[in-house]
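Participant: Dock chain to chain to rebuild the complex, using the hints, since each chain is given by itself in its own frame.
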Amino acid sequence: MMSETTMPPAVSVHTGEAAKKRMKKRHNAEKRLRAYGIIAISLAALALVALLYNVFARAVSVRTEHYITVAADISKDENDFLKVVKTAAREAFPFASGRTQKREVYGLFSDGAADDMRDAAEAGTLEAGSGIQRRFLLSDSVDLYLRGVFGTLEEREPEGALTLSEDGKTVLLQSTAADFNDALGLVKAGLAQQSERLRREAERQSAGIETLTARLPSLEGPELDDTKAQIEGFKAKRAQLSGQADALDATIMAQGGERLKLTNRMPSFFVRSNDGILKLTEVSSTTALGKPLIPLSGTAAGAWSLLSLDRPEIGRPVKDFQVALVEDLRAKDRIEEVTNWRFFTSSDSTQPEIAGIYGALIGSMWTMLVTFSLAFPIGVMAAIYLEEFAPRNRWTDFIEVNINNLAAVPSIVFGLLGLAVFLHFFGVPRSSPLAGGLVLALMTLPTIIIASRASIRAVPPSIRSAALGLGASKVQTTFHHVLPLAMPGILTGTIIGMAQALGETAPLLMIGMVAFITAVPEGITDSATVLPVQVFNWANASERAFDMRTAAAIAVLLGFLVVMNMIAIILRKRFERRW
Amino acid sequence: MTESSSPLPHAKFRCRGVNVHYGMAQAIKDNDIDIYDKSVTSFIGPSGCGKSTFLRCLNRMNDTIDICRVTGDIRLDGVDIYDTEIDPVQLRARVGMVFQKPNPFPKSIFDNVAYGPRIHGLASNRADLDALVESSLRSAGLWDEVKDRLSSAGTGLSGGQQQRLCIARAIATQPEVLLMDEPCSALDPIATEIVEELITNLGETYCVVIVTHSMQQANRISERTAFFHLGELVEYETTHDIFNTPKDERTIGYVSGRFG
Ligand SMILES: Nc1ncnc2c1ncn2[C@@H]1O[C@H](COP(=O)(O)OP(=O)(O)O)[C@@H](O)[C@H]1O
Ligand SMILES: [Mg+2]
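Sequences listed follow chains A and B, in order. Per the numbering used here, residue 29 is the first one in the first sequence, and the count goes up by one each step. Per the numbering used here, residue 18 is the first one in the second sequence, and the count goes up by one each step.
Bear in mind the hints are in silico, worked out from the structure with no lab data behind them. The hints are all genuine.
Here are the computed distance ranges between Cβ atoms for each label pair:
#1 B:Ser-169 to A:Ala-57: 41 to 49 Å
#2 B:Asn-142 to A:Asn-430: 47 to 55 Å
#3 A:Val-590 to B:Thr-88: 57 to 65 Å
#4 A:Lys-601 to B:Arg-155: 29 to 37 Å
#5 A:Lys-601 to B:Leu-139: 31 to 39 Å
Stretches of chain B that chain A covers, calculated by requiring three or more beta carbons in the stretch to come under 8 Å of a beta carbon on chain A:
#6 120-128
#7 174-187
EDC-like mimics (lysine to aspartate or glutamate), calculated; alpha carbons at most 16 Å apart, straight line:
#8 A:Lys-114 to A:Asp-143
#9 A:Lys-216 to A:Asp-274
#10 A:Lys-111 to A:Asp-101
#11 B:Lys-55 to B:Glu-193
#12 A:Lys-256 to A:Glu-238
#13 A:Lys-502 to B:Asp-80
#14 A:Lys-104 to A:Glu-155
#15 A:Lys-502 to B:Asp-104
#16 A:Lys-319 to A:Asp-303
#17 B:Lys-124 to A:Glu-604
#18 B:Lys-118 to B:Asp-205
#19 A:Lys-502 to B:Asp-83
Every residue gets a Cβ at the ideal spot worked out from N, C-alpha and C, and that includes glycine.
This is chain B alone, in the form it adopts within the complex (with noise of 0.2 Å):
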């Protein structure tokens, strides 16, 4: 890991010694990683090398899985989340995630963005819930094709729409951290544009990380990218120098297509 020329903004993430097994077989071995606040950072590599298990790792969905350990140090502004002090449930209502599948709740529109809202108690009444629901819309550009629907079903939507649905759910609950797995993967490529639109715009306000299999997307909107490699973290740097000037063999062979 080498340190970026440009001025370091703030560190949300510092992982140190991050290993991942699943029961027996180890899925990320002995990762470091530095995340910035206030942009996008993309995880990219081949399927299977461990960019979800270590995205997981972040928020604490790992702990959903039974057969899932995870040891290291993972800090959130300096905090341990691993600490036994720390509620997971807490922690991912400052980290939120966007997955893979659009999966909104079978419940209106208006109800799946106030959900978190609601359990958090973020809004004191109606009207404050109202905003919310709208302002988390507009920051996922939603707003205007669904303000007049509000009260029908979130699984009624498009693709696209539905997964811009999951980014103002996720919105909502005001998280610090946007998690994002291959967010665009189960999109066409009109709704992708959309949606990466969306990152980038994002990517000012809060820390986004994001898993892709595209590299051209990793390249449009993040301004760091990390390339995993069997668990491994082979390199992370600022995009371009990951695109232009790859160090390690594996990387340059990813990147110019000859694997992955």
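Extracted from the complex, chain A is given alone in its bound form (with noise of 0.2 Å):
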């Protein structure tokens, strides 16, 4: 015992300062690789999370639709859906007048409304009558316009108290407080804008001559008149320029109650009073001129508001007619917004407003149904025969390179053989699912074989003896023992099959699936679309209503492959079950 506390502590080499070193290292490695892990995971839930927002935050849109209340005639065996519309168009606001004017409130109604009404019909729910209020369904743009797209309106309480005086066909309208300044600010805004503008020009006349100058000395002859001449145009041209910016700023900094235009460049000013809207053409600080867009019903001094429209007219579909149209209306409650569920019961259209996703989400159930009718046993078939059956020889080799190589071959280039073989040469429906579904099954197919050769290959070599030991044959071996096992690891590798199927679209655009479809797919040999080629569409649309469609169809697809996951991980969870 003795010996053993006077003996001197043992030095191993895993003691001691550099083995203590070399521990801080590996600490320090392993910290290090967990910090780089948890970024990456980090960046991957940002990046997640931003898409998600991204799509969701403009698919809420599609969430409401908005209608119009206005009388319309429908006699009892009507069919000319359209003229009814129009005719109820033109009733509700006769003050229309002229072309322009009459297109505009047509403008107002969505051809869905009389698709609605001919629906209605066919359902005998439709109402036959006259002077009978209905709603109608608005325009995408109105819609666009009622949900703040093309600017915010905001109406404000004037200071003073207004004086209307018709003056032919305008209004002269006179506040008592300089309420018309905003109005003005921005015209002058607008005008020192402009002049600014032509001083830059000018100022580029100048550099040019200075160039021109510097270079006479050394020219002679006719190309130095030539060059004179040229120099005395850019003069001109400068002074022409500066004494237009001249007389822009002396417009601006004019004191007097001079009346400026406003143009269709510059934000939209309105007045409300008298039951009409007046659209401002010319403003001061206390005077404005108006042109009645909605009829006023007379001059009589009152209540009055003024409205202001940031986006200039030229940069929105919506014209200022429409805008008092609608205004007004919406003062008169209606204008109504009600839930949309027309997005999910119609299929595709030209017009956005009555464009919906149904008919693209049942093309990709058939598609789907198919891809997996056909990849599904195909594929566990070919992996057990691989697997299980196959002798391993140069044939065998030759199959499991050429699957490998497969799933490496590009969709676009599956959907050329579909083109080629199922359309041209087997001749199935062309846009049809099943020619989409036989192609998505091509290119499902390795990714369903490989997942499922490594997953059968995974099961215990043991379960294989004690089933065989017991004689069972192989098949029964294969079906009762090894393939059960292999099942979470098969549906694993199938719902990513599945996934990028359900998301491929190059391949479907060769086989036609991108043509414009309105109907709804009875079945698998119909026209159809599918759901990534609607987005891809309504993506390419011109309609800026067709933006929040785009990312609805986005999440229905989203959507559409969260339970096309759940359900592979119920069933996972049903064969995971170990007992």
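Facilitator: The structure is reproduced here in structure tokens:
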């Protein structure tokens, strides 16, 4: 015992300073790795959140649609509903004069309004009769205007009292306070910008004059004369530009009650008074000239308000007359925002406000059904054959290499193959879910085969021995024991393949699924489109209103994916229930 | 090979000139052996000498190994089991097997035992099946331990219980022969004792062939012992004779613990 306490502590290579240093290095390396991992995951999560936010923030607008209520006459056996809508529009706004205004009135209504009535008539729920107040779907641009896409409309209580006096077709407005200063300021700012532009242009002329003058000494003969003439031209242009700028500046600075013109490149100003709406065309600080868009009931002094829309008329499809109509109706509570079921129950359309996702959703379902019912059994059977039954030889090696290569083939190539083989050779109907499903099944097969083989291979051999030792045949062993144990892995592979197929666009374009199809496919041979192609089409459409529908279609696509994944997870849990 | 002095029971397996090759390598060299019914026969020998390989010849499990080639004459009750007429699947129903590592199916205890009877159609109704499962579990000495949890996982049992479950599963198929490849090597001494007792009991009704690396085990449970060395069947005698009066140099060396 004594000797033990007096003996010096044994120094091993694993204690001591050097060892401590090594340990520390190892710990640091571990910490670093963990930090990298956390950073990577955070970045991925951030990207995902940004993506989802971007999609859903835009998609929520599809939640509602806007209707207008006006009276319309419908006879018992009406069949021209477009005319009904047109007549109703005309009668609702009898003051619209001239082709432009009439067209703008019709432009408030969606083509879907007539469709709705036709559907109602077919369903026998359309109430015939005259003078009945009915709801009409508003057009996509008005819908967007109501969502504030084309600028924000501000309504302001003025300070002064207003006197109106008719002056031919226009109305002169006079306020006791400087209520039009805002508008005037904007006009002046617009003019100032214009004047600045002119001066910049004039400066460019000066620069040109300078360079040409510097070149003069080295020139002679006709060239010299030409250049001199050019300089003179520049000078004249400069004088003209500066003159214009000066004139503008003078206008801006003028203190007198001179009214300045509002153009369609400036924000629009309206005055609401006497049940009508005036559009201001000229303003000074206390007076303005207005054009009645909604006729006034008189010129009595009374309550009035000022409206302004910051987006210039030239930059929006909803014109000032339409804005006035909509604002008038809105004030009268005749514009309604209701839940939009149409998006989920109708198919594609050239009119964004009546375009829906239903057709594409059903198309995707049929296509996925075809893909799954081909790729899953064939893929799993191929994997079983290759893993459990096929002899290992040059042929099976060759097949294995080819399957692995197929997984790396760009999807558009499968589209070409589908076009050549399925459509041209076998005559599968173009644009049909059958054709799409076949192509996508080809594309998905390698993924399913590879995943299935890996998970079949992972089943412990002892299970096979146990079954064979009991006198189970190879097929019984495979189907009773190996396959159930491999199923979770197989399902994982299948869902990866199916998710890929669901989001695939390129090969489907090749076989015509990009066609504009408004009918809901009733089977796998009908013409159809699918969700990603619908997204692609809408994203390419020029109408602004397709923006939010594109986002909503993406959301539906993601939802479809989630549902598909969920089914797979539930199935997998079933099989994973370990004993 | 010398004839045993005691009156011979029926020879279940009669093997003559058995050779086994794995690819080019020869694992079993020209072996002759008779394995008797209603008794326990042990195969002993240093590891890699071909005990398992030979055992697998008896139920044609070697067929599942691609590179394995078996030649020679192996007869079960006088019928060549390598005859083209013979279906190895049916043969394996007659010659059951228990493996070194317990390998219950990841299913319930009941389903484990019922699997053989089901695929061979041995029970015509649920009551028959229940009875068969119960008797098999009883024979394997497991019934009392699991009778209340037949529907729980077979893989949830302890190692020894799992191995007895595998034995019960093999018995449920109602085989004539039971092959066991080191059935106790993954078990603790207590579980081993239980399984050994079980094997001794099974030897009264079945033809049991057991591979073991434990000479004491062979001594305890078997009536006959075969000693293999480098693929050769060196000596095949009653267990008593092998351990007490071995004749071959190699056997003497092995049983006295000089090599192995
Ligand atoms: N599946 C196999 N493939 C190739 N060689 C094998 C295989 N199984 C066994 N062998 C070879 O056969 C010989 C006998 O093996 P085995 O029968 O397992 O011996 P034991 O069970 O007596 O330890 C060994 O040399 C081994 O390497
Ligand atoms: Mg062995």
